[in-house]
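Undergrad: Sequence:
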Amino acid sequence: MLSQVNYQTKELETVYKCHEEGITSICLSSGFCITGSEDFYLRVWPLDFSEFSIEAKHEGILLSLDISLGALKVACGTSNGGLGVQDLSNNNYKTFLRSHTSQIIDMQIHSYRGYLVTLSADMSIRLWDMKKYEQVYEFSYPQDDKCLCISLKTLEQESQSAYQFSAFSPDSEYLALIGDSGTHINIIDSYTLGTLLKIYCQNANLKKLFWSNNNCELFVLTEEGQIKVFGIQRNSDGPNSLQAYFLREVNCIHRNSSNSIALSKNFKYVLTVGGDNLLKIWDYDFSLQGPGILFVQNDTKIITAGGFEGIYEWEFLGDTSKYEKVIDFGQFQPVGQNAIQQQGNNVIQKIPKTISQQPLDFLDNDDDDLGDRLQNKQFQGLLQGIQPVQSQEIEFKKQKKKREKKQLQFNYETNLIRKNNSLPFKHYYLPNSRSEQVQEKILKIRDNKEEFLTEFMISYNNDSHENVVWNYMCGWFAYTTQNFIIIENLTKNRNQKIITLPDQISCLALSRDFKYLLAGSASYNQKDQSNIYVLECKTYTITKTLIFHTRGVQNMTFSQNGKYLVTVGNFKECTVAVWEFQQGKLLANAYTLDRINDVKISQVQRQQETFLEFCTVGRDTIQFWELDKQFKLSYFDVFVPKQTVTQSKNSKYKQEENQQLIKEAPEVTALDYILIDDEKEYVVAGLSTGEIVIVEYGNYKILYRCQVSLNSSQIIDIKVSNSMHRLIVTAMDEYIHYWDFEKIVGYDLPFNNKDFLISWARLKISGVAISINLDPTFKEGFIGLYSGGISYINLDNKYRTQIAGTIDNKYKYQTHILNERLMVTTHEDGKMKFWNMFTAEEVMEYKFQSPVTSILFENKTNKLFCFFQNNNDIKTINTSKFYQSETFLQEEVRPSNKKSSDYPIKSFETILGGRTGKFIVMKSGVIYTMDQLIKERRPLIKFSKVFNLPNIADLISYQEKSLFFATNNKGKVMVYQVDYVSDRTIPYGFTIIDECDFLENATELYIKQNFSPNQQCLYEKAQPTQIVVSRHNENNYYAINETIKYVFIRNYQKRQITQRINLNELPLSITLIEQKLSFQILIGQQNGCIEKINVEDKDNRDTYTNMLDGGIISLYNVKSNNTNSSYRIIASTQYGITFYQL
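Heads up: the sequence shown begins at 1 in the UniProt record's numbering, then just goes up one per residue.
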C-alpha cells in the first residue's frame, strides 16, 4: 500500500494499492512515481496512480531505486546482490554488478575455461570470468539441501553417503572425500564411483583435502590447524589398486585454525590462510580469514576469498620454474584399507592392513634451502626417523580482543584515541566518524523554523590542528568546530558567519591568491570518501569537491605559485595526493608504509625532469618526494637516529659515575624548508623529543640537531619565511620559539654559527599553540590554543591578546547567568570565564588552583564570591572593573592542597522572612548563612548553620513568597516555607508544605505498563529532579527528570500534579518563558534538540535542533534587545555554547 500525505496539513489524503506484496522502495520525479516490491516487480505510475505504464520483473526484491537527471533511467539494487539500470525508454535492463549476499564457503578454478566457481551461503553457485571480472552464470540450490563443497567434475551416479569435502586429482582419475564423521578419507574411482581406499586419521577432525600436481600427494587440513600429507601410490596391479602412506605432519600453521591451502604446480610453494588474518607462503612445507585460496595461470596469480570482504587477485612473484617431484614410497609404511568393488553387485570386500602413522617434520630452522634437500636422495633416506613437531600453546587474548573491538562501539575521547594509537599530538584522527551522521544533523537543522535563528557560537575544535586561517587581505579570520567553519570580521561590532559542511572538518587552508578556502574532512561517507571542499571566499559557497582520500585528511599545502596542491591522509590510510588546483585534477597519488604528520612543498625546482618537489614526515623518517613530468612519484628516505644521552649518577664507591641512555626513536612531527642565497635548501624538522634537526637537500645528511622546547616537550608546528629570514617553532611547552637567521646567510655552516643561537627568542603564551597563521612579515598573526580560544600575537613586541574565547571541551563546565550583561562559566580545571551577553565575547579569564564549585553574585556591589572545592578561601571579584578585590578566610582554615569531601555546591543572595541573607549549601546538605567580618584587620567570613537537608542536589529560592524549593539526589522535591525571628537561637525557621517523589509515585503506573525490563533499568538509577518556579502561574512549578520523558506541573499548595506532558526524548535541562498571556517551556534534550511546548495547549509544540553535538546540559532565556526577536536562548553542550534569537 502507498499512502499520500499532505505535508502542510499533515493529513492522510489517499491510499493506493500498487502491488500484491509489500513495497520495499520508492522514488519520485516531477512526472511519475516508481515503486519496487517484494514480488520482484518494478512499476512506473503516473502521479494520479490510475494505472502503471511500465512493468518489469527483476531477479530479486528491489531494495533501492534512484532516477537519473534526465528521468529516463532508473538505478535498481536487488536483494540478490545485483546492481543494474532500467531504461524506461525501451524497457531494457542492464546489469552492472553481481555479488554474493552471504559468506563464500568454497571455490574452485576450472583449469581449461579459466572460470572461477564459488559456493556461498546465499544458496547459490556462481561462475565468474576471471578475464572480464564478470559473472557468467548462477545456479541456486534449495535451502533444505545444504551444500558444503564443490568439485569440478560431472558425476554419473549418486553417492549415498554424506561427505563434508571433496577434491579431484589433477588427472581426474580419483575423487577424495571426507566422510560425514570427519575422521576418514574415501578415495573413489571418478568413473565407476567405486570406493578404492579408506584412510583413517585417529584423533583428528578432517576439514579439507588438496591434491598436489603429481597426482600422488594428498594434503589434509584438520580442524585443529594441522596439515597431514599422505602419499597415494598406484600399484602395477591395475588402476584400481592403491596404497596410502603417511608422509609427514605439520602443526601450528596459524595461531587460529587454518582455513585453506594452495599448492604450486612446480612443487616449490605452499600457501595457507588462517583465522589470524594472515596469508603465509611456505617452502613446500608449510600461513587472512577466508574460506579459500587458489593458484591460477601457471602459478603467476593467487586468488583469495575473504568472507564478506570480497574476492582478491594477487600477483605472485615467486620462482615459477618447472620442477618434478618424485616420492620413494619404499621408505614409508602403508596406511589405510583397500576396498575392491565386485562387478555385478554393490558388495564391498574390505582387506585390512596394518595402520602405522609416522609423522615427519620438514620444518628445520637451521636450513634455508629446503627445496634442494628434498631433491637429495641421501637426505630422503633419513626422513623416516624424524620426530613430529610438538604442538605449541599460543596466547589468543590479543586476537580475541581485536575481534571484540570490531563488534563493540567504544566512545573514546579524542585525546585517548591519540594516546592509544601512539599518535603524535599534531596527528588528528576522529574515530567512527561517518558523514551520514553529520548530514542527518544538517537536515534537522534546516527543519528549524525561521523564528529560531543562530546568533553566536562559542566553540572551537581544540583537538585538531591547522584549523585557524587569517585572510589579512580581506580582514577576517576563520576557525572550525565539528562540521562548521566560523568566520569573523575584524570590525568593531562582532558578527559571525557560520558555514555548515556535510563532514567533520580536520584542517583548513587558504589559496595563495586568497580567493578560496579549503576544508579537509575528518569523516568519511558510505563510499569511503573523505572530501576536500573548496569554498569561494566572497560567497562562501562550495565551488568544487576534491575526492581521493578515504579515512580523513591530515594536512594540505599549496605550492608557491598556487597552481598545485599536495594533500595527505591520516594514519588510517597513509596516502599522498598531488592536484592541479584550478581544474581540480588529481595528477598523482601514492601510498606510504607509515603515517604522515606534515607536508611542505619546496620553493625551487632543481631537476629538469621534475616540476614539483615536496617533503613529508612521519615516524622517524623524513621523505623527499619528486613528481616527474610523466606524473610519477618517487621518494628518498632520511631516518632520524635515536639520541644517546650521557648522564651522571652518584655511587657508593665513586663520587660520580657516567651512564649512557639511549632514548626511543623520535617521531618527526613537523617540517618546513629553509632557502639560503636562493641556492642552498635545507629541511628543518621538529621531533617529538622537543628537538629540531636540519637536513641539507642533495646529500641528505643531518647537519644540525638542537634541543628547543622545555622539558623535551613535543614540537607541534614549524613555519619559515625565507624572505624575512625567520624560523618559528611551536611546542607543547606553551612557548613560541623563533630565530632570525639573516646574519648566517653567508656562512658555509650557517646553523652551527653562534649568530644563529643568539637570535633564538621565546614568547610565552597561555596555552599550547596547535595552529598558527602569520602575515608575510612573520611579525604578527593568529594562533589557536589547545586550551580553547583564538589569540592575536605580535612577535616583535612580544604581545598577545585573545580575539575569540571558546570552551575547552576536555573538561566539564557549568554556566551561570549573573545579569543581563554578564555570563560566567566555571570549569573543572580551575578556570573561570566571564562572557559578554550581547556579543558572546570572552571578557576575562581567571585560573585558580582548585575548581570553582559555587558562585554568589551581590547585586548592590557587583561583587562575585567564588567558593572552591579543595580549599576554604573565598575570593571576590569586582565585575565592574574585573579585579580581584579581597580574599576571605573561614574561621577554620583547611590546607589548600588537601582535597575536601564537603564544599559549597550552591550559593545565592535572597530575601526570606523580610531579611536579606546570603545562603551557602554544602555538599553534605548543611545550609549556612554567610556574614562578612573584620577580625584583627583581616577580612573573615562567618558561616552560621540554619538547616540540614541530606542528599541535597539543588536549592532554589522564591523570595516573593519566602519559599525554598529543595531537590535531592533521589528525584524528590521538597517545598519549605521560611520565616525569620531574630530572638530564636537559629533565627530562620523551615516548615515543609509539600513533598513529591517523581521517580516513585508519579511514574509507577507508567513504567509497569509501558516499559520492558531493560528500559526499567534506566529508571532505577535515580537522578536529581530539575525544577523552574512559575511567577505568573500561581503556586505551580515545572519539573523534569532525565530518566523520564515527562514534564510535570505541580501545585505545591494543593499538593498534587495538575498536568503531565509527554516529551519526545529524555530531558536534561529546562527553562520557562512566561508572559501575561502565554506560558512556554523550553526543554533541552539528550539528543541535542530543544523542544518548545505551550503550557495552555500542549499539542502546540515545536522542536529545534541545536547546532553543536551532544546533550543540552543547561538552558537559559533572557530578554532580547533586538527588535526582531523577544528572547535570546543560550544552550550549553559539552562542546560549547550557542546563542539563538527566538
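It is worth saying that the hints were derived from the structure and are not from the lab. We treat Cβ as the ideally placed atom computed from N, Cα and C, and that holds for glycine. Be aware that a few hints might be false.
Quick list of in silico lysine-lysine cross-link-like pairs, DSS-like style, CA-CA up to 30 Å [claimed, not checked]:
id, residue 1, residue 2
1, Lys-449, Lys-881
2, Lys-812, Lys-680
3, Lys-563, Lys-449
4, Lys-812, Lys-1054
5, Lys-17, Lys-57
Quick list of the computed label-pair ranges, beta carbon to beta carbon [stated by the list, open to error]:
id, residue 1, residue 2, range
6, Ser-766, Asp-796, 29 to 39 Å
7, Lys-444, Gln-4, 34 to 44 Å
8, Lys-265, Phe-139, 44 to 54 Å
9, Thr-9, Phe-139, 49 to 59 Å
10, Ser-50, Phe-139, 39 to 49 Å
Undergrad: Next, verify each hint and record whether it holds.
TA: Structure-based check of all given hints:
| no. | hint | result |
| --- | --- | --- |
| 1 | Lys-449 / Lys-881 | violated, 40 Å |
| 2 | Lys-812 / Lys-680 | violated, 51 Å |
| 3 | Lys-563 / Lys-449 | violated, 43 Å |
| 4 | Lys-812 / Lys-1054 | violated, 39 Å |
| 5 | Lys-17 / Lys-57 | holds, 18 Å |
| 6 | Ser-766 / Asp-796: 29 to 39 Å | violated, 19 Å |
| 7 | Lys-444 / Gln-4: 34 to 44 Å | violated, 24 Å |
| 8 | Lys-265 / Phe-139: 44 to 54 Å | violated, 28 Å |
| 9 | Thr-9 / Phe-139: 49 to 59 Å | holds, 53 Å |
| 10 | Ser-50 / Phe-139: 39 to 49 Å | holds, 41 Å |
The earlier numbered hints that this structure contradicts are 1, 2, 3, 4, 6, 7 and 8.
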